[in-house]
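Trainee: This is what each chain is made of:
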Amino acid sequence: MEKVKIKIENLSAWYGEHQVLKNVSFDIYENKVTAIIGPSGCGKSTFIRCINRLHEVIPQAKVAGKIYIDNKNIYDPDVDPMEIRKKVGMVFQQPNPFPTMTIYENVIIGLKLNGFKDKNKLNEIAIQALNEAGLYEEVKNKLDSLATKLSGGQQQRLCIARALALRPEIILFDEPCSALDPISTAKIEDTIIKLKQNHTVIIVTHNLQQAARVADYTAFLFLGELIEYGPTNSLFTAPKMKKTEEYIRGVFG
Amino acid sequence: MNRKLKDKIFQFFIYLSVSIVSFVLLFITGYVLYKGFSSINLDFFIRLPKPVGEEGGGMVNAIVGSFMIVGIASLFSIPLSILTGVYLSEYKNEKFANIVRSSLEILSAVPSIIIGVFVYGLVVYPMKRFSLLAGSIALSIIMIPLIARTTEEMVNMVPTTIKEAGLSLGIKNWKVIFYIILNTAKPGVLTGVLLSLARVFGETAPLLFTSFGNRFWHRSILDPAAALPLQIFVYAIAPYDDWNRQAWAGAFILIIIVYILIIVSRRLVLKYK
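Those sequence lines, one after another, are chains A and B. Position 162 of the first sequence, counted from 1, bears residue number 162 in the working numbering, the numbering being contiguous throughout. Position 75 of the second sequence, counted from 1, bears residue number 1075 in the working numbering, the numbering being contiguous throughout.
If you're looking for bench data, these hints aren't it; they were derived computationally from the structure. Mixed in with the good hints there might be a few duds.
To be verified - Partner residues aside, some chain B positions facing chain A, computed with beta carbon under 7 Å:
no.: 1; residue: 1029
no.: 2; residue: 1165
no.: 3; residue: 1186
All C-beta atoms, glycine included, are put in the ideal place defined by N, C-alpha and C.
Sequences are here, hints too, so could you generate the full structure?
Mentor: Right under this line is the structure:
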């Protein structure tokens, strides 16, 4: 039996008056990769940005409903969003390393600005994070050069390492490969599959093959509503809803 | 007229304009360097001005004075204006931010001599003395709008995803702003600071009413103090050949300082582009 890591209950989200998520409810399982698919503008990114409470930093953005991580509602008033964000790492669509920092600084900055000072431990964590992101071998001799000197794919893996350095339990990927070439994409997909040993992974993608390759579970969102959710295999081969089937066949999207 | 001919004519005018503009710059620089270089000697850097009628002497007090006036002005203006710039960018749409932004815009257009008169009324008159400090206050008023507006623009140019990346690491908002966003905007902000320094190093008018000038050492920042542009002004209009020569030397030093500031700021921009 799978263990539920994240329980989403009647989640709705708005930008101003515009509602982008409508009463979404489902469970996300521990140590699995869950893909969120759906056409552009259907609320995929907004959805995962609710899980690390990043949606609310946009002016006039609003959230309603509950998200339980390990049975604790992260929208309870006593919850500090900073603590949630340490527990829930995020990798963005465009590689966004901090451009004036070195590769090494990029990896440790999260720990450093959260008050972590032990230099040796930082070193150790940085190397481990880079290894897990599959980047260490490529950069071990140039940890002190600027992060922007790396290729796009390497930058994205650096961003993964940066998120991993905080030892998050959950990692969100927001279309992490949409700006990358196929080889870089393959490397990142490998990393994602390895990450699920110790993390719960959620990936937004509009590449259905990618969802099929990496995800154990897939959720299909359409116009802010959850249409269908289930094991990736059955969702792709035997969709229960007509909308899902049409989307997978490429009728729209 | 055929297309190629039009193209040639257009090109000719472009080159002509560029040549005129660069000629003016090269001519001014060249002439000052030539006149200044031949008048410069070690005494210029280590001696005080000689009394009227005596040959020789230098401008050491004006060189030190200039650096002190600008240095103290920087102490006031750099932190104040960078924080203001960050505020303007972070709270873009607040009403108060709009008021501050317009005020800065107007302030940056106020002729510098008026700022001099203003500081005269505000600082010099109540204290009953001209002072280096008053000069610094005048120059910092000139620097603040320049640095604040560049900081705002540079912080605005930092992509939202950088800020979100910082927040997504669980870092507190103010730390994201100061350690990540400002750090990302640093080359641009520094460029703004350097250019504002280059601007105020050469300011003369506001100093006439404030630090006033001094043929001797200032003993504290509450004394009237010499500054390079002031000294150049006095020496250049004096009827003595030796003073005129020293004015050229002063101009030479001033132009070198300003060029260094500009070149360093150019390099900063290029390094991170």
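Trainee: The structure should be examined with respect to each hint, and the outcome stated for every one.
Mentor: Comparing the hints with the structure gives:
| no. | hint | verdict |
| --- | --- | --- |
| 1 | 1029 | violated (33 Å) |
| 2 | 1165 | holds (5 Å) |
| 3 | 1186 | holds (6 Å) |
Hint compliance for this structure: hint 1 alone is broken.
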